[in-house]
Amino acid sequence: MRPKFQLPYVAALLIMVLLLGSAQADKILPYQIHQKKLSNGLNVVTVPYDSPGLAAFYIVVRVGARDEVEKGVTGFAHFFEHMMFRGTEKYSKEEYSAILKSVGAAANANTTQDRTLYHMTGNAEKLELMFELEADRFQNLKYPEIDFKTEAGAVKGEYTKNYASPYMQLYEGMKNTAFDKHTYKHTTMGFFDDIVDMPNQYDYSLTFFERFYRPEYCTIVVVGDVTVDQVNGLAKKYFGDWKPGSHVSDIPVEPKQQETRYYHLQNGGIPPLVQLNYKSPAFSDKEIDMPALDVMSTILFSQTSDLFKKLVLEERKARFIGGGAGDSRDPNLFTIQASLIDKADMQYVKDEIVKAIEKAQASGVTAEELKRTKSNLKYSFAMGIDSPGSIAQTLSHYIQLTGDPESLNRTYANYDKVTNEDIMMVAKKYFVPTGLTIATISPDAEGGVK
403 MRPKFQLPYV
413 AALLIMVLLL
423 GSAQADKILP
433 YQIHQKKLSN
443 GLNVVTVPYD
453 SPGLAAFYIV
463 VRVGARDEVE
473 KGVTGFAHFF
483 EHMMFRGTEK
493 YSKEEYSAIL
503 KSVGAAANAN
513 TTQDRTLYHM
523 TGNAEKLELM
533 FELEADRFQN
543 LKYPEIDFKT
553 EAGAVKGEYT
563 KNYASPYMQL
573 YEGMKNTAFD
583 KHTYKHTTMG
593 FFDDIVDMPN
603 QYDYSLTFFE
613 RFYRPEYCTI
623 VVVGDVTVDQ
633 VNGLAKKYFG
643 DWKPGSHVSD
653 IPVEPKQQET
663 RYYHLQNGGI
673 PPLVQLNYKS
683 PAFSDKEIDM
693 PALDVMSTIL
703 FSQTSDLFKK
713 LVLEERKARF
723 IGGGAGDSRD
733 PNLFTIQASL
743 IDKADMQYVK
753 DEIVKAIEKA
763 QASGVTAEEL
773 KRTKSNLKYS
783 FAMGIDSPGS
793 IAQTLSHYIQ
803 LTGDPESLNR
813 TYANYDKVTN
823 EDIMMVAKKY
833 FVPTGLTIAT
843 ISPDAEGGVK
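Quick note: the sequence shown, position 43, residue 445 per the working numbering, numbers continuous.
None of the hints are false.
Straight line, CA to CA, 20 Å or less: simulated SDA-like cross-link-like pairs of lysine to any residue:
1) Lys528 / Ala509
2) Lys688 / Asp428
3) Lys503 / Gly455
4) Lys473 / Lys583
5) Lys503 / Phe533
6) Lys776 / Thr796
7) Lys429 / Phe783
8) Lys551 / Thr562
9) Lys761 / Met827
No wet-lab data here; the hints were simulated from the structure.
Generate coordinates for the entire structure from the input sequences, incorporating the hints supplied.
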């Protein structure tokens, strides 16, 4: 939802530039982030924002598929995204939905490998009611085994629906191939055998909730027509007595990959596809690696890149090409993929991608490309943080990675520091054959790409 009054794009951009050039010059977010840690470990983040009558209320739970370390019980972080809407003794599922509707609020949730996020946006005058509803279900969620089995069945149905997509099949197989030990080996949904067995894991579900739905794992983010004192007071009133836990996930360390790996999906019903997945670093707001990789991926693999123009527009060998790395708490993957016109061009396209990488390793990029890309990445991002929801969503992303929303400002400050030497450094460091997993789709029994 956008602010009520819209400015023309150019005027908005000028205002953003002025804001970024003011006292907040070193920060991409031109609004102050207020943080307060309660005695039980719950972090409370408030960003007052000029959105009359509107507030976004987010709760970041720093638990995702990454934390599913025990054999046979993957998928439970995602499962609780569903289960948390089943109601409590105080507010049934139906009552919860009716109350939200009555105050004009919309609530939802989603799960990634590193966190589970619950969010609602609605009438700022009803902020206390939002706190009451969320505090109740986070501290008092209870469900009988029959409800658990029903929701576990729904999760299986969701998996089956998603897995009908060949691209999801490729993603699951590629992840399982690329990782040996780390829990990024399985998707957010979990391994299929575990999902099938999930209805039998009622007791484990109680253990999972008891472990992770604790204040030390959570951050409340409120953005909009609110005050800091108001938010902190409500957080203490409704969440202050929430008891902390003691569980810490023991995440296995992924051993160093020693050779190129391959995963192939035989499917003639969709266009051929080649995907290069290189091991990439964990997110850090202190190191230059991730910003440098972001800049490099934009220059090499975006729709304005030389490679895109050659393979897609001129030679017409690919339908599209793109690449990049997502932020994650632990080392993960930088993925480059191309959808092809003809399967016979798979090796050629793969070789052209590698040539573009090798050029970056040898000479980097031009000064003009570097300057233009850094500016575009920074200001495109700045123009997108224009509502309570978009601000809360963005802060939640960085909270999941470090626990600190100020990581957003530190990260974007690093983009200004990226040099051509940094581009060459990350190209040499991460784009190596021993860190590569090649995934392909074609009608053939084998991928046929070396």
